[in-house]
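A.B. asks: Next come the chains, spelled out residue by residue.
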Amino acid sequence: MSTEFGVWVAAFFTIGIASFLYKDNPLYKFCESVFVGISAGYWAVSLFWENLIAKMFDSVGVSYMFGFWSEKGALQDLFSGVWNWNILHVLAGILGIMMLMRLFPNIGWIARWPLSVIVGSTAGLWMITYFQSNFLSQLQKTVIPLFDTGKIQELSQIGAVMAESGRSIPFDNYFAAYLGNLVLIFGTLTGLVYFYFSKEHKGLFGKTAKVGIYFLMITFGASFGYTVMSRMSLLIGRLYFLFSTWLGFVN
Amino acid sequence: MNKFWERLLAIDRRIIFVVIFLALSVPIFLQIGLPIPVTSEVQILYDALEDLSRGSRILVSCDFDPGSEPELQPMTEAAFKYFIENDLKFVIIGLWPQGPIQANRAIEDINESEDDFIVENGDTLYFGEDIVVVSGDTARYGIDFINLGFQVGQELVIQRMGTSFEATFPTDKRFGLSQKEFPIMDGIYRLADFDFVFNLSAGYPGTTEWVQFAVDRFHVPVGAGNTAVQAPLAYPYLDTGQLSGILGGMKGGAEFERLVGHKARATLFMTSQTMAHIFVMLFIVVGNLAFFATMRKSDKQGLKR
Amino acid sequence: MGKKVALGICIVIILPLLIWLVHMKPGPSSISYPPYDLTAISTPFDTSGSVTLNWFCLEGDIDSAAVFPDYSILRSQEPDGPFEKIDSVGFESPRATDISRQYRDTSASMGFSYYYKISCDLQGQIVESNIFGPISPVMAAEAAGVEGMVEATDIIVFPPTQLKVFDTPNDAGGSITLEWKVSASDAAKSLLFNGYDIYRGTSAEGLFEKVGETTGGVSDVDRQMKSLRDGRDILNGQEYYYYVAAKWDSQEANSEIAGPAVSRQQWFHTGRGVSLVLLGILIGSILYFINRAKAGKELFIRKIAGLEAVDEAVGRATEMGKAIFYIPGIQDMNNMQTIAGLTILGRVAKLTAEYETRLEVPVSRSLVMVAAREIVKESYLNAGRPDYYNDDIVYYLTDDQFGYAAGVDGLVIRKKPATIFYQGAFFAESLILAETGNSIGAIQIAGTAMPAQLPFFVAACDYTLIGEELFAASAYLSREPKLLGSLKGQDLGGKLIFLSLALIFVIIATLGAFAESEIVDTIQRMFNVN
Amino acid sequence: MRREIPLILTGIVGITFFIQFFVPHSPMRELSETFSDWYSIISAFAIWLGALNLMKISFEKVYKKDKDWFFAITTIVTFFLILIVGLFFSGGRQYLEQGSGFDWLYRNIYSPLSATMFALLAFFVASASYRAFRARNAQATVLLLAAFIVMAGRTPFGDWITIYLPEGWRLSNLSNIIMNYFNVAGQRAIMIGISLGVVSTSLRIILGIERSHLGGE
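Residue numbers (the working numbering), protein chains in the order written: chain A, 19 to 269; chain B, 866 to 1170; chain C, 2 to 531; chain D, 7 to 223.
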């Protein structure tokens, strides 16, 4: 049984949240409201130290002026005649304060200015990165030979190695050599045909789309299995905390 | 016979909760280890780390929160042990605010040296005093590992790191000093100066963003530890070679622990994990049997596809 | 019809050629002569002058092998002249690293230049190395160790070779790239090899200072090169000279001096030409179709099977005289899936107005409530039943994820709706909602683009709009120019291009693979992401 | 003024990032770096806005005494508790350190709450498996079959039930194949669809065709 006060507090909150399983009750609502408050506060403190202090005060040079920080900032560079782009962080600070104006309904519209910088950056960046990494790179690995000749040649070597220890070649290697590329190419292309909206899903085109949806179903099956795996490990982690760290039944 | 199936279907949800609770708790007490075969995606990551020569510098980006601790903390600890034992220097950052603290806790848990971690007087002592001992090898703060904390800005932080690392993570977290003062940061100007990036990811920003920027734009090899929910989405990147290996969920952590030679919590939990899967499959089978047995009677027709 | 054929020719012939033209060719790889890759240098610090040879062991020449034939050292004064065997190196003699061996030829006399070759008799099959030369021994000015003479068994470090320095391409200046073939002593995981030091000077003869260091090992495996970018305060336009020193134990070996290299900024990133072409086609087709849709032209979109399921489900609820629940996800108005979900709500509301079925829309965001009320009111107006509408059809529960799920569950169990719609962005709470809906036997139609939730909706609901189908359904219903145009643009400028390029190059790559030709690698390089 | 300036700003920032990708030359690099710094500073303020908004709603709830106003008080109290401890009583810049008050609150209150909240999902998956996941048509059957193979294959249970097959031909090998080939093909098709959707949405936002992000008037 743990003697640390902190572990008991943790155990209290664990059981408080778990009580939702029985029914939505005041203890759960209490723990939940603590969670909402503490996570908002946690983010605020992290951002204050990591971002506002570092990006706003250090790099601009304000903290150097007040002796909080040993490094010179943009202001000091400007005084000594060197242009430093970091001075523009002041502008960002102003935009940030505009964002806070959203709290007041009458002048809340000014918050659209900083919001548009955020939306513009995300749009500009995502347009490139999603095209490059999620379209072009995937195309690169779809324009591959129908049969992996390299892996077919390797089969004989693997066979020799496996034969020594009396084992047969694993099914994976046969599949990879002969069927692997076929599945990759046709799985992707038929999946794309299913998501093609400019042609009626009839005739050959319809059949391809049908094959495509079954490939997608296998993919969803795999995600389903992995999601169950994930959720279960989270519970196992909590049970381990209760039984080991708190109650000490297990080492 | 139908009565039986109907009662089975109408079981209260809470009974299933109790069944799952028992199915997962009992194996924790038994503590029997199970043989865990190593899959290729974990072997690829291990081989990539093995290829790094001594003294290489690894950027560890902890992008997860306590909600994913059971899946990602064991592999973080195994990775830190491996780095310290193989003289690989690692720089800890986080795109989630909770990441750097989780990394600190991982170092605490693997540290076998008894002396206290807090440094009394600060001046030059930070070079030698903070020692982490793992099976005989030592790692010193500021020379072999460092924690540079969290930055908000999602994938734009990675993009900014590409051109200037110091502008994104200016100060260390233990002493609040500028990162230039620490020997480990010597010669690191941009992201491409790192030899490898090990990303622990539980969502957004995470592995996808690291592949999109660190690999595709700045050509730094990235290995990823993912929560199992996210792992299937990363496999296409493994196939294109954009990712140098994936540790998928607690199972990936257990395999990595086995390769690194430090069997710990992930391996211990695999028995409960196996029981969990068996029961979920059982529930689906029984649920469907009951559904089909009672379906002929009820009028509810599923919509044809 | 002509337009379609022209378009077909463009995609099938011109586009692949354009991509081939625009893609970035790789730099030259290092020159090496497997399996031995013999190199030789005049032994440094050897006051009596000698030549040291270094070569890589053949396969099988490893410690665990019990026996391995000797290597014979051959020497000649002419490159193709008669080679005479001057010595042989046995299996027992110590290795330089675990994959390479060394031999010191002290019989070479000053002033002459020699050519060397290694040969080894593997069960009757003579394996010869490349011919290395000309090389002549040079008397070192001062000895290294105290005793002066370099012992026969001393291992000496070989310098990195083929050093090239040039401006880092496609950047904003301020950096120079160094590429070299790794030193022969750089064996992986060797405890004695300590990486490389980089020295830089502004003139070939002038003062060189150390500007960086790096670890051993090859960084570009295809071209068998080690590369490093020097970005330590480099001025654009200034000439720089470099040499690289390999560090082994306490010894250092310097490569020849390479340079000059000048750092410059580039205006266009040559590695991203293919991205520009394909992205240009995609953007072009999206804008083209948006304008056509704005100009009122009819854009064909196929029937969405999911929308039939929606109509059937509303019909069924009307027959049973029960309510319909509509849940537009738990995200706010800035999420595209929520907006698509509300478009489908418009259609469902229109049907419920016509059939006079009870509709309830519990939401978890205040902005979504405001937008949803506007949409439902408008649909009731269009259906000619403004009187049937009242504000509490759409109501706000809570922002919290699980609180909202628990709240909706309570309503569903109490009011037992016949049909429940889940259209929008969902997270883990989708499980709780779908399960409760199933337990009361309701028909459930889901639609989301969240990859992690799709498997659960497909398994738990009667019909699911998968990913893009959600957006296609909202475009199909709203007939809005920007949605229709984007959808058509994505289909033709994106998916059609992907399908045609994939089919063309799969055929070429398959033929190439069986013909063992380089074409497979070229195709891979064409779509490289740089 | 209210809508034109934001649209222009969005356009400028978006186009800068787009051009910087193809033109590495100096003005574009500094501009995109500056906008990246702006992005992180503004998102810091945005998250502060979220926190202050939460406080505003909680105070209103307490003031108007509507349902569950008591829990709004606990939210306010905990928020200011961690804020004050984190800013003033945790050693300033070294607030992440092991002994600090902030670390204690993180370790013993925030961490268990967040972990348990996600652990609940295991219970919901279990009950949904029993009561919701039906093989009602061919596609759902294929989905559940693939899920069975992966779930069994990823644990020793899979190899245990196929023990009679030669080593290398067991369920874990089958799940390897499903993950490395079938899953990759399906994910790739979805990924390509999503990436095209992202490109068209981003294009509409940058060119001002799409204005929903600015919210209704």
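For the record, the hints were derived by calculation from the structure and aren't laboratory data.
Where is the CB? At the ideal position from N, CA and C, for every residue including glycine.
Keep in mind that the hints are not guaranteed to be accurate.
What the hints assert, rightly or not - Lysine-lysine pairs mimicking BS3-like chemistry, simulated, CA-CA at most 27 angstroms apart:
(1) K70/D to K228/A
(2) K483/C to K5/C
(3) K483/C to K217/A
(4) K47/A to K417/C
(5) K868/B to K416/C
(6) K378/C to K248/C
(7) K416/C to K304/C
Claimed, not checked - Derived list of chain C stretches under chain D, where covered just means 3 residues or more per stretch with a C-beta under 8 angstroms from a C-beta of chain D:
(8) 347-361
(9) 425-434
Said to hold, decoys possible - Not the full set, but computed from the structure, chain D residues with beta-carbon under 10 angstroms of chain C:
(10) R8
(11) I11
(12) W110
(13) N114
(14) A134
(15) L209
A.B. asks: Checking each numbered hint in turn, tell me which of them this model violates, lowest number first.
C.D. replies: Hints 1, 6, 7, 8, 10, 11, 12, 13 contradicted; others consistent.
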